[in-house]
Every structure is written in structure tokens, then in C-alpha cells.
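Novice: So the protein sequences, as listed, match chains A and B.
With numbering that gives the first Met the number 0 as the guide, the letters of the first sequence map in order to residues 0 to 246.
With numbering that gives the first Met the number 0 as the guide, the letters of the second sequence map in order to residues 0 to 246.
Calculated from the structure, these hints are not laboratory results.
It should be emphasised that the depicted structure is a prediction, and the values quoted were computed from it without experimental measurement.
Hints should not be assumed to be uniformly reliable.
[As the list claims (entries may be wrong)] Part of the chain B face toward chain A, derived, beta carbon under 7 Å:
| id | residue |
| --- | --- |
| 1 | LEU65 |
| 2 | ALA232 |
| 3 | VAL233 |
Idealized CB from N, CA, C, for every residue including glycine.
Number of protein chains: 2
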Amino acid sequence: MLSKSEIGFIKSLQQKKFRKEQALFVVEGLKSVLEFLQSGYRIHSVYGTSTILPKLGKISQNIKLLEVKADEIAKISGLNTPQDVLAVVYIPQKDEKELIIEANTFHLLLDGVQDPGNLGTIIRTADWFGFKELICSIDTVEAYNPKVVQASMGSLARIKVIYTDLEDVIRRSSLPTFAATLGGTSIFETKFGTEGLLILGNEGNGIRPEILEKVSNQVTIPLFGAAESLNVAVSAGIFCAEVRRKA
Amino acid sequence: MLSKSEIGFIKSLQQKKFRKEQALFVVEGLKSVLEFLQSGYRIHSVYGTSTILPKLGKISQNIKLLEVKADEIAKISGLNTPQDVLAVVYIPQKDEKELIIEANTFHLLLDGVQDPGNLGTIIRTADWFGFKELICSIDTVEAYNPKVVQASMGSLARIKVIYTDLEDVIRRSSLPTFAATLGGTSIFETKFGTEGLLILGNEGNGIRPEILEKVSNQVTIPLFGAAESLNVAVSAGIFCAEVRRKA
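Isolated chain A, as found in the complex (with noise of 0.2 Å):
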């Protein structure tokens, strides 16, 4: 049975501060958690019910297993509908290394994205698509968020999320740039060629001025109705479709 400070300890993950604090955040459902034993991430703690800890496979001695009931999950889980299988995960330690932008491919940078839900489904597509990572601004909402984890279902555990200065990476970067705007050139007529950075920006506010300035395309999705704007991740999910099918 879990214990009270257990119990505590796991539902505190819910919250940034905490995940902070401990370096730790939680997976839920099946199909994640077995993404996350299988990826890089090293992994804390496992809970799940009789019927569902057979399904994990071999899991790794250094690891804390623990069968719960499902009305312990409950307790545990951030979910409307909990799943029968929770773990709790460390956050990689900040990378010392300089980021390394490769050619001959392209990358996704997020200025500001703030819905959970949309960062979690960028980092979805961006892992159907081939990207190996995703580049943020500072203020981009943070990769281990519950609704974040849940969104990506499961390609979190693949595709690298880094935080970083956006202005600084497109400065030290030779690579091409091209930001999705309302007043640019149509995608549709874009020429992409086989490398560049992708930039996508905030729900509300699009991208930074500061940011567009150094950008040398801008690109835009044709408007055929009458919606003032595109949802951020589909917006993402039509430009890397764009520049994998003329790849």
C-alpha cells in the first residue's frame, strides 16, 4: 500500500516547482511508459496493477517497482481518467555542451508556445516527421508538464526538448530561416531546399520582433475562409509535411 507521504510526494510532481526541486516528472499509460523504459531517460519509480506490470517486460534492478491497486493509481495520477500504470522519471540534467545545429536537415524552434496541449502535440509531430529535437525560446512552456508528457504520447521519449536563446541560435547558424507568419510568402511557393530553421511562435502573439528581424523568409499558410489564425501545432504539422514532401 502507498503511503500518505508517497502519495504526497508523487501528486507534488503535478506541480513545476516541485518537479524542480527533484528533478523528477510523471509518465501515465502504457504506451509512454513503456517509450520512456525504452529510451535514454533514466527512470525512478514504477506503479502499476498486477494485470499491467506483465506487459513492462524486463525492467532494470535499479529501478522501484511497486504493484498498486487501481484505486491507489487514482490517487497518485494527474489524470480525469487514470491509467493503470504510473512512472516517475528524472529530468536529464542540463546538457554543458554547446547545442549543435546540423546541416542538411531541418529544425523546429518554438518562440513562446504557452498550451501544454499544443507543445505536446508539436513534440508528437515533430517525432511522426523525423526531427531529432525540438529548440525553444526560454518562456516556451516547459517539456515535463503533465499535459505536455500526455499530449506527446510518448515521443517525448525521443525527441530532445532544449530551452535555449532563440536569437542566439539562428545568429550562429548558416542555415536558411523560415518563420510562419500571417504576411509572408505562401508555403505552397516556398522554396526549402534541404536544410533550414523552421520558427513557430507564441499562441497569441506570433513571433518576437526581435526574433523576425534576424529570420530571412517568412512563410505563410494560405488563407482560403475566414479564421484569423491557424492552431499553433496544426500550423507546425502543415510546415513539416511541406518540407518533407519536397525533400
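Could you slot chain B onto chain A? The hints should help.
Specialist: Leaving out everything else, chain B in the frame of chain A:
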């Protein structure tokens, strides 16, 4: 000041049961309320603060208009961060005329989409790409769910959402059919022509087999990485962009 019963009445519209009983739903935020005021929807009442009401322009005398304090709006709002204006809007009565599928254009069909955020985002995307309506299976999430209204960002005021038997729609229409699946022809190699039905399925299970067997083209967004699937709203966006770029 709002009476207790008025607060209870508006709050009850957060629940499907009461929306159905009253044939009313709630729209929040200046942008969305303005879009509904300018649409063909019949408005029941508008609650706004003294600073926001002048921004609504001239309002028909048939609409009940109430100036309320911000803390009163918080009491009737379904949002975590309440906006300064909220409207109660009539759910349109079912149009008894048979649905007519126009030729020479594309139509978007949803089979069992369950997440309200996804449906709202698809409504917004359909509006961006100039679709006139969204044709949904009966078990698709209800369009007047507050989370759908919110995610649609006002586009629900323009896009007609129709709930009907999709098999019947496909049977009666002579337009080519394109289903988003994981095992079809690449979307980049598909010739969409100038008209057709685009069909997307449920988040977990995709399109029902009964429907899939009536569809002539299965179309897939190629996988370049390792994610198991794409979010349905992201897929819808990529499909919409693709048919518009080729049109």
C-alpha cells in the same frame, strides 16, 4: 447583480444534458462573442463588464444585455481564466432538409472524434481553409461543448457542424472519397482532383471498418520518424492544406 438561480442556470449549460434541454450554449471571450453576434446564430443574452460592453457595438433589442462585475462573470464562467464577456446562444434547431453535398469542392467528414479540443481545432482549421461545413458521425463529440467552442476560436459561428450517418452520406454522394489511414497511398502522391470527401477517424481507433470499406482511396501522411500516429487535428490540417494547394 446576478441572482443565484441565474448563476445556476448559466453554469448548468456546462453540462450536455442541460444544453440539450434548454437548447442553449455558452460562448466566452470578446472575439468569440463578437463572431456569434455577427453570425446567423440567435443570441439569448450577453453578460459583460462596463469596459467591454461598448466594444460589442449595437446590439439588437431582442437580446438581453447585462452589465456585471468581473467577479460575477467568474461565477458563471466555465474557464479557468474567465474573460470579460459571456454570451448565451441558442443551439440551432435541426434542419430537416436533406443534407446536400455540393460538387466541385471538398467536404470534411469526421468519424467519432472524441476530444473536444480536437473538434474545436478542426472547426477552426476548416474555417481557415474555406470549408463550409463539417459532417460528423452521430457519436462525434458535441459541437456546443464549451471546450469545443473555446478551441474553435469563433469559427463555430461560421462553420456548420452536421451530425448524421456517414455511411449514408458516402452512399448518396458520387464524389471521390479519401480516408486518412495509416496504410494507404502517400498523400504527396495522391491526385485529389477538385472535389471529394475527406474522412478522418477517431483518436484511438481511426475510421470504422463499415465506413472504410465504402471509401475508394486510403491516404497516408508518410512517417519519417517513430511516432505511432499523428494528432487528428494536425492530420486534418495537413489534408486541408494538401487539397487546397492542388486545387
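Novice: Go through the numbered hints given earlier and state which of them the structure violates, listing their numbers in rising order.
Specialist: Those not satisfied come down to hint 1.
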